[in-house]
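Novice: Protein chains in written order, with our numbering: chain E, 1 to 248; chain D, 249 to 541; chain A, 542 to 805.
None of these hints come from the bench; they were simulated from the model.
Don't be surprised by glycine CBs; every beta carbon is placed ideally from N, CA and C.
Some clues are possibly wrong.
Lysine to aspartate or glutamate pairs mimicking DMTMM-like chemistry, simulated, CA-CA at most 20 Å apart [what the hints assert, rightly or not]: (1) Lys622(A) x Glu87(E); (2) Lys221(E) x Glu233(E); (3) Lys392(D) x Asp582(A); (4) Lys552(A) x Glu99(E); (5) Lys552(A) x Asp133(E); (6) Lys116(E) x Glu87(E).
Here are some chain D residues the structure puts well away from chain A; computed CB gaps all over 10 Å [said to hold, decoys possible]: (7) Gln313; (8) Lys325; (9) Leu465.
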Amino acid sequence: MKGNGIEMRGLTVTYASRMGTVNALSGINLTVPSGSVFGFLGPNGAGKTTAMHVLLGFITPTSGHASIFGEDVQGSIARQRIGYLPEHPIAYRFLTGREYLQMAGSLFLLEPTQIKSRAKLLLGQLDLIDAADRRISTYSRGMMQRICLAHTLMSDPDLLILDEPTGGLDPSGRMKIRMMINDLRTRGKTIFFSSHELSEVELMCDSVAILADGEIVAEGKPAALVGEDKSLERYFLRVTGTEKEIGP
Amino acid sequence: METITNSTVNGRRRERFYGWAAVIILWTTAFSMACYSDIAKHSEHNAAGSTIGRLLSKASIGLSQACYERADLYFHKGVPHSSKKALADSFYHILNEEINPSSHAHRHGRSLAEIMPWLKLVTSLDPGNIEARLNAVFLLMKMKEFDVAEKVLMDARRTNPKDHRVLLYLGRIYVKREKISEAGQILETALRFCHDEACAGCDHCKDTLIDKRAILLYLAAIDEAEGNLSQAVERLEAIIEIFPGSHEIETTIKALKKRPDGESSGILLEALKSHEEAESQTFSSCTVPDCEH
Amino acid sequence: MKIRRIITIAKTVWLEALRRKDVYVLLILLGIMIVAVMSLDIFGLGGVVGYVKDVGLLAAWFFGMVVAITISTRQLPDEEKANTIFPLLAKPVTRAELLTGKWAGATVSATIAMLACYLLLAVLVKLKGGAFEGFTFLQCYLLHAWAIGVICAIGILFSTRLNKDAAATLSYVTAGAAFLLIPQIPRIVVNAQCVQRSGLLVLYYIMPHLELFDMRRRMVHDWGPASWSSLLYVMIYGLVLIGLLLVLSWLAYRRKVLSRADLF
Ligand SMILES: Nc1ncnc2c1ncn2[C@@H]1O[C@H](COP(=O)(O)OP(=O)(O)OP(=O)(O)O)[C@@H](O)[C@H]1O
Ligand SMILES: [Mg+2]
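Just chain E, with the same shape it has in the complex (with noise of 0.2 Å):
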């Protein structure tokens, strides 16, 4: 796949609030090369879901400018080749997991058949056969997660964006998850994901950048940045400041 999978330029926003003005994003430059696994991290409120708001188009930055696979993102069309998975997923309580999944393929305006076949198969790759027909107010917290990754996926999209995927699941949970990264990432998927789970991020991330107060600290392969820090998670600390509150 030719081209940038994402790209942010000086992308600023800045949220008007009651208390005064928070700058949420001040000027980052990123770019994520299309069929890589990139990890967004930062500590909590640097900024990181606020970024991913903007990819989507639900917030109209302040100034700069963010594109995907060179499309402006305000469009519609940049849309049509992403897959979202917010922080917290909650689904439709009232549907079940299978109307769920087809919900998602019309609006994508997938082929009936084709609709069918695709939740079949993520609903089995995901666990999920048994629970397909019960309504998804009986799903358990790992079960609501694993229908939103499949919900994200039933239009086989090119990139994904998912917002720490891996929140609040089990040790086998996550594996299901990582699994399933894995399994995109030699299908030539773009990943974009955030997440506070470093020592997942050094196994699967081709490369990351940190993200503190709005602004990007550090980026590049984990290997390269962890240097003599030994492990990413001291890294973070240190680069985020963090380390001195907790101390070594």
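Put chains D and A with the ligands on the given structure of chain E with help from the hints.
Specialist: Positioned in the frame of chain E, the structure of chains D and A with the ligands alone reads:
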């Protein structure tokens, strides 16, 4: 494991069923109690003592008034009495006229029955409202439902034994049924309760006088049918006293005086009956000038 | 605007209405109410159904408004509250499609609920020995459905910027006024002073006129069907009104910064 799941499912289903059943039962009970207590209490008139009773009775009078207006609306086929309006040439107004007809109209014949539920509600909510009962009777007679009308009148007589209008209607029904002697008795009683010594200027008194004339007319006709001509003449002369200068009555008196006492023909009674048939349909609360009765 | 996306969103609204049980409660209440009214003994006369139609249709209009407003005003706020709006808008779904789909779903759901009401009423009237006149029944239902469309559009408009309770309250006030107060303006205006008069006239012309969709008088009092041309006029008026309300909703919603649910 299997059994636990099953019992949970059944338990939830049962719970839900009981929940719904409770809601429906409670609501139905509340609804019927509200309706019933309103109707029952006020037909007995014993609630008037307590404050709540008084409040309820005020509320039910208001409600019965609303039902009465509704009855009037039904008589006019749902078209409310028109009042002065602006914007008659606006788009909305013209379109509304098309969708909701607003021309003056009345119900006729069998379709008069559609008014009855509202009158029934009025009589249930406010048993003292004798006008509503009389209107019901009037409409029932138009519909030739004499049995029903008689039942309503009997009811009305129980609550208002001294109302001459109730007795007058009863008399008319008996005449229709050819029960002449019963009619005579009841109209005599009606005459006794028809007090006309009041001012004679106000609408109420005028109505009473008109009623008195009707009673006397019927009594005269009955007397004539029974061959009691001199008494018939007396009755008619009493009418002349109230409404002097009535040409028709005067000629009838002259004709009666010419005939020998004891000769009965029943023509007066026939004339009254056919007059009643031809009487145009009217609804007493319809007081608007443009209501072409 | 892709019709299939709109239909998909509308279908989801319909499934929600079908599976949440609140509409059934209203239907049961309606049934009980009509049966209670039917059991009134009218001096022993049979075949009297006008008042049953009257009360039944009044209840149907009332419940129709309640269903339309509850369903339409909860759509957008609930999506935002449950965080489901994000995966939805992350797809190539435009906000215009979202609003149209939500409106269509709410309207269809409420209209089908009303169809159940009408059929129930028709059956009960039949049991009481009466009948509805076919064409008038059809016209009355058709215009009622149109009115529900307008009410749903009002609900959607308010819910773009307000939470669902506030939106529902405002929708009730607006729809109630459009139904009961606005038609009275010609009567009031006769005695109004200069400034008041202009205010009333402005209201009269800009507010939706829901009374135009109400054919109950023809149904209850046997006036027979209205002319199809006037029906067509009213339907076109309704479409214009709905279009206007949806465009306003779109203007209010198109750049809205969606709030994140507090799920922490
Ligand atoms: N609507 C808003 N109004 C005002 N401030 C906001 C708004 N949304 C986010 N913020 C602020 O912007 C900053 C970045 O928030 P964001 O959610 O992007 O962080 P994050 O990196 O995703 O954090 P986490 O790891 O906890 O998910 C935070 O300080 C947050 O309080
Ligand atoms: Mg976040």
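Novice: Checking each numbered hint in turn, tell me which of them this model violates, lowest number first.
Specialist: Violated hints (numbers, rising): 6, 8; every other hint is consistent with the structure.
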